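K.L.:
Mapping to full-length UniProt numbering: the sequence shown position 134 is 134, numbers consecutive.
Don't take every hint at face value.
Said to hold, decoys possible - Across the chosen pairs, the derived CB separations fall in these ranges:
| hint | residue 1 | residue 2 | range |
| --- | --- | --- | --- |
| 1 | 121 | 80 | 16 to 22 Å |
| 2 | 87 | 54 | 27 to 33 Å |
| 3 | 69 | 128 | 14 to 20 Å |
| 4 | 49 | 98 | 28 to 34 Å |
| 5 | 58 | 117 | 30 to 36 Å |
None of these hints come from the bench; they were simulated from the model.
The structure displayed is predicted, hence computed values, not measured ones.
Glycine residues also receive a C-beta, built at the ideal position from the N, C-alpha and C atoms.
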Amino acid sequence: MSATAGQAQGERGLAERLGLKAGQVVQEVGWDEDSDEALRQSIEELTGNEMVDEDYEDVVDVVLLWWRDEDGDLFDALSDAMTALADGGQIWLLTPKAGRDGHVEPSDIGEDAATAGLSQTSSVSAARDWSGTRLVAPKARR
1 MSATAGQAQG
11 ERGLAERLGL
21 KAGQVVQEVG
31 WDEDSDEALR
41 QSIEELTGNE
51 MVDEDYEDVV
61 DVVLLWWRDE
71 DGDLFDALSD
81 AMTALADGGQ
91 IWLLTPKAGR
101 DGHVEPSDIG
111 EDAATAGLSQ
121 TSSVSAARDW
131 SGTRLVAPKA
141 RR
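Please take these sequences and the hints and turn them into a complete structure.
P.N.:
This is the structure we're talking about:
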């Protein structure tokens, strides 16, 4: 296998870790210069779609929410993200890993997610500097 093929497989694996599938529409919120480009590219490659931004006016399968401690009120951001989700959709909350600027404490994520009516289902190392937390609405609300 060539280095390029290996690199492409590794990048595709980033999006696969998030459980994304071909054809899904992913809305990206909170992008900034510190966002992980390899993860972003792998998502677009795997889904076959460019990610849409906050101004997208249709429902989406997944909201990719880049969030840093200094970004404001996480509860408000999660509540806003839920409005774009299709039934059965999910939010991937991406936060800087422990020890990095903007790290968000897991207890804060859990509290704000629960207050917004979301359940935390899994956490992954989403990229080199980012942790991912999968949030979904409880089945009773879907």
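K.L.:
Now tell me if each hint is right for this structure.
P.N.:
For each hint, the structure was consulted:
Between residue 121 and residue 80 the CB atoms are about 20 Å apart, so this pair conforms to the stated range of 16 to 22 Å. At roughly 21 Å, the beta-carbon separation of residue 87 and residue 54 lies outside the given 27 to 33 Å, and the hint is violated. Distance hint check for residue 69 and residue 128: the Cβ-Cβ separation is about 19 Å, which falls inside the suggested range of 14 to 20 Å. Taken as a hint, the range 28 to 34 Å holds for the pair residue 49 and residue 98, whose Cβ atoms sit roughly 32 Å apart.
Roughly 22 Å separates the CB atoms of residue 58 and residue 117, a value that falls outside the hinted 30 to 36 Å.
In the structure shown, a violation is registered for the earlier hints numbered 2 and 5, in ascending order.
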